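Going down the list, the protein sequences come from chains A and B. Position 53, counted from 1, in the first sequence is what the working numbering calls 53; the numbers after and before it change by one each time, with no gaps. Position 212, counted from 1, in the second sequence is what the working numbering calls 212; the numbers after and before it change by one each time, with no gaps.
Among the clues, some could well be false.
Computed cross-link-like contacts, SDA-like style, restricted to lysine to any residue with a CA-CA straight-line distance of at most 20 Å [claimed, not checked]: (1) B:K260 <-> B:V194; (2) A:K48 <-> B:H159; (3) A:K229 <-> B:S160; (4) A:K229 <-> B:H159; (5) A:K48 <-> B:F95; (6) A:K111 <-> B:S309; (7) A:K229 <-> B:L73; (8) B:K260 <-> B:M114; (9) B:K260 <-> B:F95; (10) A:K48 <-> B:I164.
Here are some of the chain B residues that sit facing chain A, going by a computed Cβ distance under 10 Å [to be verified]: (11) R126; (12) T151; (13) L172; (14) G173; (15) L174; (16) F259.
It should be emphasised that the hints constitute simulated quantities derived from the structure, not laboratory data. Fair warning: this is a prediction, and the values are worked out from it, not measured in the lab. Where a beta carbon is used, it is the ideal one built from N, C-alpha and C, also for glycine.
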Amino acid sequence: MSPRTARPRKPVRPRLRRLPLNIAAAVTVAVCLFPVYWMIATAFKPSKDIRSADPQLFPHTWTLDHFRRAVEADGFALFWRNSILVTLGAVLLALLVALGAAFAVARMRWKGRRQFMLMIFIAQMAPWESLIIPVYIISRDTDMLDRLPTLTLIYFMITLPFTVVVLRGFIGTIPPELEEAAQVDGCTRTGAFRRVAMPLLAPGLMATSLFGFITAWNEFAYANFLIIKQQDNRTLPVWLSSFQNTFGTDWGATMAASTLFALPALVIFLLLQRHVTSGFAAGAVKG
Amino acid sequence: MPVVDQRSAPPAPRRRPAPRPAGRKAPSPRGRVHGLWPYALIAPAVGGMLYLLVYPLVRAVLISFQDFRLRQLIAGEAEFVGLRNYRTLLSDPRFWEVVRRTFLFMAVNVVLIMVIATLVALMVERLGRIGRTVVLCSLVLAWAMPVVAATTVFQWLFHSEFGIVNRSLTSLGLDSFDRYPWFANGTAVFAILVTLIVWQSVPFAAITLYSALTTVPLELYESARLDGAGAGRVFRSVTFPMLRPIFLLVISLEVIWTFKAFVQIWVMTRGGPGDATTILPVYAVQTALSGQRYDLGSAASMVTVVLMSGVLVLYFRQMLRQEDETR
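Extracted from the complex, chain A is given alone in its bound form (with noise of 0.2 Å):
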């Protein structure tokens, strides 16, 4: 934790002189739910509490008809699938690459490696938003249009910098002792990685991947200007862009399936809270 939590606890300050700042907190707590809450809310009240004069904070009475409309839209399980097979593929190939090259460059000397590192660093700023045309120029020219595979690949490409940088990280912090003793015991060079290392890693391997997995889950872009006639292709964030589009002025059911979008990422991030809070993130990103 923090070396901040250690510290002496200060001589109780007059609670009015703390006032301000508990206010501020309030204030920052509920500018950061409140789109949150009010998704979640909308999605539960009934189409006339939300259509009524007054809007209420919170729904009187609690309705799962958006949910089940937005299950029962068209193509709703296939997108699904969809968003998980490419983001599963995506973020299982970034970490396969990723162990390997992160494990060079952690544990073995070699020319480049500082200049591997530099490349990863500049992949990691990839101007993606700037690629969208050639990418799908080149994916025309290649026949890869409208394929899930084509999303796998962008999405391993657009994780993977992240993974090695983090990985790497990882990775230097165990001690080559441990595999050099089960070396020395009879291991192979990757039976020791295996046995002794990977146990230290999973932990780190988790968080990563599931990093990974978000990039993957939120990418829209790309989905949809590579996914054009094949629409049973399509992931879940274009067909919840396009949302409104079918369901028209139907809020509750567009708010419900942003809800069942989100929830994925809203509980992943709050299981990685420690690691997110503790400036893993911005450890990723500084290196």
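Assemble the complex: chain A is given as a structure, and chain B must be docked to it using the hints.
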């Protein structure tokens, strides 16, 4: 430093570890020579980067120098036309309007994000244990909200008829907001987009700055206070200088991420109404994919990349400095 080490170390004969000069700190990787193994391990990563990043980038540069429209997209065989696309682009007043708007959008966002995030970070630092946990949790939740979901929710918040914002403003007596059509007014949409992006970006910046704050040694604050410095002075002379590196990193990240606002803009307005929310990446995609002028779109993208790389250089200088410190 590691680079020098590697270059000056003689190729070790057989598998014996190379002897290190006494008194020098051994670098973290072992002093063994691994032959081709490391290159085999990074090959997939390098291959991926070459095919999925470098190749598209090169292709975009090429297209920006070609005459590339729908016909060339289908039939191939695009012709090189030199700088013609760039000339067309740079002589288009609409393009300059977009550039100006991009910078305005970026400046407003980054300033708001940094100011609010710094205040939130300082506040979190001063809170008690429970308050801190609650605030951090809500920041994390806001951060976790997927972009498309957040954009949809904001559209709902600002809905002209049933949106909670209009309802609240009207009930506060501001009758002009009764059914106020936020999405029909360029400035209003711009403001909503800025609000949305600030709302989404502050958590990352605030949490990063807060974790940097926790690394500032307490003694520094105490001695500053003993010397009679007020709160503002402590921030200017102690906190800020200590945070400077992280501060610069966060600023450059936020600048770069402004271009990612493409998604929010595309989902919410597609650059409209009129051109009111068209920033460079939106302009590029509109020109290329809606107008079928792939050449002009690529040229606009390249201009974007050049503008961004200015910020990137700053970012990398900062980062390499840190990288050297940690090695």
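Report task. Please name the hints from earlier in the document that this structure breaks, with their numbers sorted from lowest to highest. Result -> 3, 4, 5, 6, 13, 14, 15
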